[in-house]
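Peer 1: Sequence:
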Amino acid sequence: MNTMKFTAAATAFALLGSAAFAETEITWWHAMGGNLGETVNKIAEGFNASQDEYKITPVFKGSYEETLTAGIAAFRAGEQPNIMQVFDAGSATVIGAQGATVPVQDLLSENGVDFDINDYIPGVRYFYSGSDGKMIGMPFNSSSPVMYYNADALAKAGVEVPSTYEEFEAIAPALKDAGYIPLVQTHLPWEFVENFHSRHNLPFATNDNGYEGAEGTKILINSDEMKMHFTKVKEWLDEGYFGFFGTGWSDNQSQFEAGNAAMYIGSSGDFGGLTAKDLPFEWASSYLPYWSSITEEGYQTFIGGAALFAMAGKSAEENKATAEFFAYLTSPEVQYMWHRETGYVPVTTAAYELAKSDGHYDRFPAAETGPKQLMLTAGENTKGYRMGFYVQIRDVENREIARVLSGETTVEEALKTIEEEGNALLARFAKTQG
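For reference, each letter of the sequence shown is one residue, going -22 to -1, 1 to 412 in mature numbering (1 follows the signal peptide of the UniProt record, and there is no 0).
Worth flagging that the hints you see were computed from the coordinates, not collected in a lab.
Bear in mind that the values here come from a model prediction, so they are computed numbers and not experimental data.
Everything hinted at is true.
In silico lysine to aspartate or glutamate, DMTMM-like type, Cα no more than 20 Å apart, as pairs:
| # | residue 1 | residue 2 |
| --- | --- | --- |
| 1 | Lys394 | Asp202 |
| 2 | Lys154 | Glu235 |
| 3 | Lys350 | Asp336 |
| 4 | Lys298 | Glu57 |
| 5 | Lys33 | Glu295 |
| 6 | Lys350 | Glu331 |
Label-pair restraints from in silico Cβ distances:
| # | residue 1 | residue 2 | range |
| --- | --- | --- | --- |
| 7 | Ser270 | Lys20 | 42 to 48 Å |
| 8 | Ile95 | Asn19 | 25 to 31 Å |
| 9 | Met353 | Glu386 | 38 to 44 Å |
| 10 | Gly77 | Phe223 | 40 to 46 Å |
| 11 | Ala129 | Glu386 | 34 to 40 Å |
| 12 | Gly77 | Glu295 | 18 to 24 Å |
| 13 | Glu386 | Asn238 | 21 to 27 Å |
| 14 | Lys255 | Val91 | 35 to 41 Å |
We put the beta carbon where it would ideally sit given N, CA and C, even for glycine.
Put together the whole structure using the sequences plus the hints.
Peer 2: Written as structure tokens, this is what we have:
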């Protein structure tokens, strides 16, 4: 037999075999740096090792804003990744871009992956969904605003953890007398504006909080409830019951970690970082307070953080790979691992129950506050909001509320300015929609 012919045939057969069993490769652009990025890599490695048909490659693209900007530019150039992480405030931009994404609910159903939106924790289900309730983005690093407290500080002052802002006002003098700043917060728009509306079941915007479409949507921040809340916050600041050290997250959280602040409103996702720092005092967490003068019970909050969007323009094979990765990502075991190692909430009820049965919340009670708060009573205004250019609107909110706290403007003028500039941005965004 001709050796050269045999070698050529063998080579061709080998190439055909390798092509037949080649992995379908997909990419995932994300904004998780540091330890969070390492956990993202762990998830990708786990998926790749779990089967031999698909391979996912995670790529860190910088901050949330940088990742969104890079994704938009890549889509326009036809070079978009298969999966892109988009944060809460930027989701309307991606969802509103016609043809940019494949709704995750459709992606899963079309590729034979079982999907039931009721499998997701109530406060998670609809933030990244359309007006018809169809899930568009897959909730990923999801969190809820909660209140952390220094148990030693409260014991020293002889007070209990407040559930309402009225109760906070009652104990604040004792905490101040004990040598503490009673309260700080880490994100004015998310905690004191957006989730204020959810916690009290108040409308945050017209058109079903923006879910019915961009045309004519207006922000409803200049309300009696908001005026009362920020008037109180300024009074607390003047009395020494509230501390404000800047609009940066760590500007205020650091005061709690240093033992200066008795309580701080932050993210349920802070749990992992606080645990790793081994703080020199006992600490725990509780629900985000509410005003009992507005509502008799506090409603559920909605999620912050980010979701994963399946980008359009990919082959059927790659879409199948993305669907299989989402199925892996939302499995109870992977969600529990993500929850356990980062502090972000498990997005499905099954994952929450797994964490519970494994004793995670017995070992770390503070880790359960976020999921439980997302499962409180729902209302017509608790699923979230959908407003375009909301990243810029948040900037206006931060600027104007900071000016209130510094005494540069009044609450009335600040809320009026936020509403005027916010509505102008919303109107501009509406014009970009087809």
